[in-house]
Amino acid sequence: MYLYTTFFFFAVGGLMALAIRLQLEHANNQVVSAESYDRLFTMHGTTMIFLFVIPVMAAFGNYLVPLQIGARDMAFPRLNAASYWLVLFGGIVMYSSFLWGGGAADAGWTAYPPLSVLSPGHGLDLWIVGLHILGLASLLGAINFICTIHNMRAPGMRLSRMPLFTWAIDVYAVMLVVSGPVFAGALTLLLLDRNYGTSFYQPATHGPILYQHLFWFYSHPVVYVMALPGFGMISEIVPVFSRKPLFGYKALVYSLVAIAFLGFLVWGHHMFAVGFSTPLQVWFMVASMAIGVPTGVKIFNWIGTMWMGRIRFEPPMLYAVAFVGLFMIGGLSGIFVAAFPIDLYVTDSYFVVAHFHYVLGTVPVFAVLGGLHFWYPKMSGRMLDRALAIRAFWIIFVGFNMTFFPMHDLGLSGMPRRVSTYTNHAWDAVNLISTIGAFVLATGVLMVLWNCLHSLRVGRIAPADPWGANSLEWYTSSPPPPHNFDELPPIRSERPLYDLRREAAATAVTGD
Amino acid sequence: MLDKATARRNIALALKLAIFAALMFAGTLLVGILVRYG
Numbered sequence: 001m002y003l004y005t006t007f008f009f010f011a012v013g014g015l016m017a018l019a020i021r022l023q024l025e026h027a028n029n030q031v032v033s034a035e036s037y038d039r040l041f042t043m044h045g046t047t048m049i050f051l052f053v054i055p056v057m058a059a060f061g062n063y064l065v066p067l068q069i070g071a072r073d074m075a076f077p078r079l080n081a082a083s084y085w086l087v088l089f090g091g092i093v094m095y096s097s098f099l100w101g102g103g104a105a106d107a108g109w110t111a112y113p114p115l116s117v118l119s120p121g122h123g124l125d126l127w128i129v130g131l132h133i134l135g136l137a138s139l140l141g142a143i144n145f146i147c148t149i150h151n152m153r154a155p156g157m158r159l160s161r162m163p164l165f166t167w168a169i170d171v172y173a174v175m176l177v178v179s180g181p182v183f184a185g186a187l188t189l190l191l192l193d194r195n196y197g198t199s200f201y202q203p204a205t206h207g208p209i210l211y212q213h214l215f216w217f218y219s220h221p222v223v224y225v226m227a228l229p230g231f232g233m234i235s236e237i238v239p240v241f242s243r244k245p246l247f248g249y250k251a252l253v254y255s256l257v258a259i260a261f262l263g264f265l266v267w268g269h270h271m272f273a274v275g276f277s278t279p280l281q282v283w284f285m286v287a288s289m290a291i292g293v294p295t296g297v298k299i300f301n302w303i304g305t306m307w308m309g310r311i312r313f314e315p316p317m318l319y320a321v322a323f324v325g326l327f328m329i330g331g332l333s334g335i336f337v338a339a340f341p342i343d344l345y346v347t348d349s350y351f352v353v354a355h356f357h358y359v360l361g362t363v364p365v366f367a368v369l370g371g372l373h374f375w376y377p378k379m380s381g382r383m384l385d386r387a388l389a390i391r392a393f394w395i396i397f398v399g400f401n402m403t404f405f406p407m408h409d410l411g412l413s414g415m416p417r418r419v420s421t422y423t424n425h426a427w428d429a430v431n432l433i434s435t436i437g438a439f440v441l442a443t444g445v446l447m448v449l450w451n452c453l454h455s456l457r458v459g460r461i462a463p464a465d466p467w468g469a470n471s472l473e474w475y476t477s478s479p480p481p482p483h484n485f486d487e488l489p490p491i492r493s494e495r496p497l498y499d500l501r502r503e504a505a506a507t508a509v510t511g512d
Numbered sequence: 001m002l003d004k005a006t007a008r009r010n011i012a013l014a015l016k017l018a019i020f021a022a023l024m025f026a027g028t029l030l031v032g033i034l035v036r037y038g
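Protein sequence lines, in the order shown, are assigned to chains A and B. Under this note's numbering, the first residue of the first sequence is numbered 1, with each subsequent residue one higher. Under this note's numbering, the first residue of the second sequence is numbered 1, with each subsequent residue one higher.
Isolated chain B, as found in the complex (with noise of 0.2 Å):
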């Protein structure tokens, strides 16, 4: 088992990791739309 504090440092990793990945993706999109109907 991990130990609390270094699970928790996992976990926030993560989540700045995964939001930046949604960012990007929305990120795309939007270049998609401006590109096309901007």
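Chain A on its own, in the form it takes in the complex (with noise of 0.2 Å):
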């Protein structure tokens, strides 16, 4: 359910980005008017990252963490389920704005005052009661996620010999509780200065500012939180299809660690427009470049990996190859926009859309796609088809670099985002390549969703173990049953069905 939610969600944040670029499809275009326009880029990049990639990652968590450490469910079923429901509840009321006189929120995801304390009618107001809901969803989630990694556990499975996605789901938990407050807290003063006469965000006492602080202390780690997960499904794809272990599990997990920790101190690199201080700004700048260190660890890690390995390019691979080529990009456009005296130039351009979007563009796209992949046999006890899901692979990533590449140079050559329309003709042609470029993307992820739904009913019966894989979730059927196991195997590694498979292999050679 949690999965058919957020994957709807990812449909109707689709439609929107399409909505967008066909507005901005050449110059002086009116699809849709400058009231509808800023809504539209509101709710898309809220629903994106609210309704689809931070849900969508606890939906995977929920599957997959207790299958993964050998355990019967979650450490708080009935919890559970309450944070799924309140992910719908919450859905529910932000989109119920549109049903309002004054529409949906429209001051962008990010609802910067004075902008959203003046914003007219309740969308604003329902926005943030439906980010409060969703919140609180996260909150539960993160803390049955914590339990359930640190207490359930199998015997054996010790922390050094957890799956890396486990690992990923375990620091994303930490961060939502540590960070999510935050957020709650400053969206509670901006609901009390819209309808109850508080002025905490005045600008006439640096209000804006503040807020900012409080809302980049938050979202800049919820990058990692939507990040993590996805680079923990890579680390658990790359090795099955190389047929190697995990090149540097440890320097995995360390780094995990390393990049959720420097995320919570380098916030103001989202506000050098503001204007701080040169040794503050050459901190974050400086700070925010060290991140680099870790992520570059686990590209590679991953390259190590793959580094003599038989490889199989099967659909999952081929998402995990092309996230870790992907994702490189917006790692080095990272170390542009990182550094103020550049950001200052490219700040609230294209250069930044097209850098986010090869961030945390590529998590749902090639990530969670490949996750899905990936996982698809052991959910569902069917298997996708494969001629299909590699033409689908190759649409999504042509339609991806065509629409978000040709925004670099958008960007450089002065674009400004969140406007409904342009006049400079000199944009038209790239505009236009990127507008094609979300319709071709569009039409492979719903190929992907076809050949999910389609493969429920006409797919090959899944084996327990289609790949050859190592952690614990493939040692139980496809899909697993209510109670996930009837029986554990011994855990002595991080790879407890290489393990068997290969004492099987000395057996049958041997005849012990």
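Treat the hints with care, as some may be off.
Just the calculated beta-carbon pair ranges, DEER-fashion [what the hints assert, rightly or not]:
no. : chain 1 : residue 1 : chain 2 : residue 2 : range
1   : B       : Phe20     : A       : Leu265    : 18 to 24 Å
2   : A       : Gly275    : B       : Gly38     : 21 to 27 Å
3   : B       : Phe20     : A       : Asn195    : 40 to 46 Å
By construction, these hints were calculated from the structure, which means they are not laboratory data. Remember, it's a predicted structure, so these values are computed and weren't measured experimentally. Heads up, the beta-carbon is just placed ideally off N, CA and C, and yes, glycines get one too.
Join the two chains into one complex using the hints; note that each chain is given alone, in its own frame.
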């Protein structure tokens, strides 16, 4: 249910993106009004972040964490159900704002004051209430994950043997518990300013700057809340299809924790345009660039895992390899925007839009879809249509790059973000390429969804371990029984299934 | 069914995390009040 709901919101957010791209297809276009455009980009960002990427990671986590650690279920199954229903309810509250006279929220997903304080109607109030509900869902889910991972591991499943995806969900949960309440506090103050006459965010006392600090103290870690489980998925897929152990398991775990820790120290790089003192700007710049070190460790280790491996380019591996390459493009443009002298030139331009779609867009499109192709047989008991999956991958790959790569050029030539139209015809051709790319990307995603739904009925029956994988979830049947495992194998390393296969092979050779 | 000891450990950890989250929320409100009215 979690997965279906989050993918439904993914489709809604995607439709909004298509409307945005249609509007920007050429100069002076009038597909939607300026007011509608503001609502579209606000709700597109909000939907993709809060109703798709964050909860879809929880959806995968709910399903996979108990399986990967050898538990029967999550620590608090009813809390788990409450998290799901709160996600759905929060989404309904947020989208109900379209039905009100004033329309939906229109101040961008960042909702900076004073614009957000002055935004008329109740759209922004419903947006805030919806986010509070979603925040509560995240918090309950995060607490549940931490309790499950730390208290319910099977005998032998030490922390040092835990699959990387479960590690990533653990770090994701801790980051949500630390940062989520700060965002809830910032939104509460905003709600008070809008409805009860307080003035926390009034410009005269630098209130908007206070909001930006509070907002980015949450929202920068949230970048990693979204990315780290994606990294975990890639760390599961790459060794299986390279036929090799994960290169540098411990380094990958330490880099997860290091990214999370540094993620809390760099929020100011979103605020360079505010005009900090130079030492503070230098701090945020250096700390932001320092995140490149553990991120580089990850990329190095994934490539090290593939190096000299017998790589099988099954659909999940295609998505994983694409993710590594495309995320690096986002990382490299990140070095530019982390440097405040450059950021001041490109801030609020399409260069930033290109950067964060190569960072955050690659997670849902390549890591999550890679994970979906990888675990679909386990979840459904059916195999996907391989040929269709590969065709869809290439269409998505071409569409994604057609959509977002040209935005670097648009940004560097001065096209601002968050404007409903433009007058410079020099940007027409590049915007047209980007718009066509968005439709190509949407076609690929639709093919994936069709493949998933169609294969539920007609897909080949999946064995327990169709990929020759290493972690515990592949030991049980596909789909697993309600209690997950009839019996557990001995867990003596981070690859218990590989150990079993090796023992079976040794027994077959020696006949013992 | 979970054994009692694990269930108790789960509840204790969940409560600690919930209290921590509540303190972070209250702390944020306090920062807002101090910056504006302090």
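#### Entry: C-beta pair Phe20/B, Leu265/A: status relative to the range 18 to 24 Å that was hinted
The hinted range 18 to 24 Å holds for Phe20/B and Leu265/A, with Cβ atoms some 19 Å apart.
### Task
Could you check the hint for me, namely that Phe20/B and Asn195/A are 40 to 46 Å apart, CB to CB?
Between Phe20/B and Asn195/A, where Cβ atoms are some 29 Å apart, the hint is violated.
### Message
21 to 27 Å was suggested as the range; check whether the CB atoms of Gly275/A and Gly38/B agree with it.
### Response
holds (23 Å)
Of the hints listed earlier, the one the structure fails to meet is number 3.
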